[in-house]
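Just so you know, the sequences run in chain order A and B. Under the numbering used here, the residue at position 54 of the first sequence is numbered 54, and the numbers go up by one with no gaps. Counting from 1 along the second sequence, just add 114 to a position and that's the residue number in the numbering used here.
Keep in mind that the hints are not guaranteed to be accurate.
Restricting the straight-line Cα-Cα distance to at most 20 Å, the calculated cross-link-like pairs of lysine to any residue (SDA-like) are [stated by the list, open to error]:
no. : chain 1 : residue 1 : chain 2 : residue 2
1   : A       : K40       : B       : Q145
2   : A       : K9        : B       : K156
3   : A       : K40       : B       : A143
4   : B       : K156      : A       : D85
5   : A       : K41       : B       : Q194
6   : A       : K38       : A       : R110
7   : B       : K156      : A       : E44
8   : A       : K9        : A       : K22
9   : A       : K41       : B       : G209
10  : A       : K41       : B       : L161
11  : A       : K41       : B       : N213
12  : B       : K221      : A       : D85
13  : A       : K40       : B       : N169
14  : B       : K156      : A       : P61
Read the hints as simulated data drawn from the structure, not as lab findings.
So you can see what is in the structure, the chains are spelled out below.
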Amino acid sequence: DTEVTQTPKHLVMGMTNKKSLKCEQHMGHRAMYWYKQKAKKPPELMFVYSYEKLSINESVPSRFSPECPNSSLLNLHLHALQPEDSALYLCASSPGLAAAYEQYFGPGTRLTVT
Amino acid sequence: QKEVEQDPGPLSVPEGAIVSLNCTYSNSAFQYFMWYRQYSRKGPELLMYTYSSGNKEDGRFTAQVDKSSKYISLFIRDSQPSDSATYLCALRDGGSQGNLIFGKGTKLSVKP
Chain A
1 DTEVTQTPKH LVMGMTNKKS LKCEQHMGHR AMYWYKQKAK KPPELMFVYS
51 YEKLSINESV PSRFSPECPN SSLLNLHLHA LQPEDSALYL CASSPGLAAA
101 YEQYFGPGTR LTVT
Chain B
115 QKEVEQDPGP LSVPEGAIVS LNCTYSNSAF QYFMWYRQYS RKGPELLMYT
165 YSSGNKEDGR FTAQVDKSSK YISLFIRDSQ PSDSATYLCA LRDGGSQGNL
215 IFGKGTKLSV KP
């Protein structure tokens, strides 16, 4: 089973709202990732967690706040977003950080900021 | 020059055709090569993963890597309308800690 699940599937939020995206995997993977994908563009890496510790932050604005409560769960907390933050947010996981490992993506959360 | 070049298409073929999708890259440090298929408004699905020059086959799909030319390909035999999607190549160097370098993606349409 190579399934990564994400909730919600769709989210509409105003610029003053606070919301969270959730990602879960039960493959025993120890690395988890958040990506942002705009229409007709490839995914862009935002954050990487390894063994529940933040490993990479690709200079993402502080209005995006990641959290890894345990090895199976990854959250992305959203606050005071801008309309240009509307995108598909993808979670991925891999057995570890080593370059040889494949990354498996979830279905994404389609976020619209109004 | 971008690290990974991929023709965005769109590419339209009749059902049953052989499809060839390609990426070129400039950084010889890339050692791991992946192809993802992404249906509209869905997450990318890992199709093929290779780490050495040569061919790897899985059903109707063949991934080809030529490290000397810095060129990777994905061939789809007997293409089906269900293959209509965007295909993304993704590369990673041996020292990477997670950064996949994606091509722009090629949008493929297989007509019945």
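Hint check:
For the hint pairing K40/A with Q145/B, the CA-to-CA distance comes to about 26 Å; that exceeds 20 Å, so the pair is violated. Between the alpha carbons of K9/A and K156/B the distance comes to roughly 10 Å, so the proposed pair stays at or under 20 Å and holds. The hinted pair formed by K40/A and A143/B fails the criterion: a straight-line CA distance of about 27 Å is larger than 20 Å. Taking the CA atoms of K156/B and D85/A, the gap is near 18 Å; set against the 20 Å cutoff, the hint holds.
Simply put, K41/A and Q194/B have alpha-carbon atoms about 24 Å apart, too far for the 20 Å limit, and the pair is violated. With a CA separation close to 10 Å, the supplied pair K38/A and R110/A stays within the 20 Å bound. This hinted pair checks out: K156/B and E44/A have alpha carbons roughly 15 Å apart, not beyond 20 Å. Restraint check for K9/A and K22/A: satisfied, since their Cα atoms lie roughly 10 Å apart, inside the 20 Å limit.
Between K41/A and G209/B the alpha-carbon distance is near 25 Å, which puts this suggested pair outside the 20 Å criterion. Restraint check for K41/A and L161/B: satisfied, since their Cα atoms lie roughly 19 Å apart, inside the 20 Å limit. Restraint check for K41/A and N213/B: the C-alpha separation of about 16 Å stays at or below 20 Å, so the hint holds. For the given pair, K221/B sits about 24 Å from D85/A by alpha-carbon distance, which is inconsistent with the 20 Å threshold.
The suggested pairing of K40/A with N169/B is violated, with an alpha-carbon distance near 29 Å, which exceeds 20 Å. Pair hint K156/B plus P61/A does not hold up; C-alpha atoms about 25 Å apart against a cutoff of 20 Å.
In this structure, the earlier hints numbered 1, 3, 5, 9, 12, 13, 14 are contradicted, and the remaining ones agree with it.
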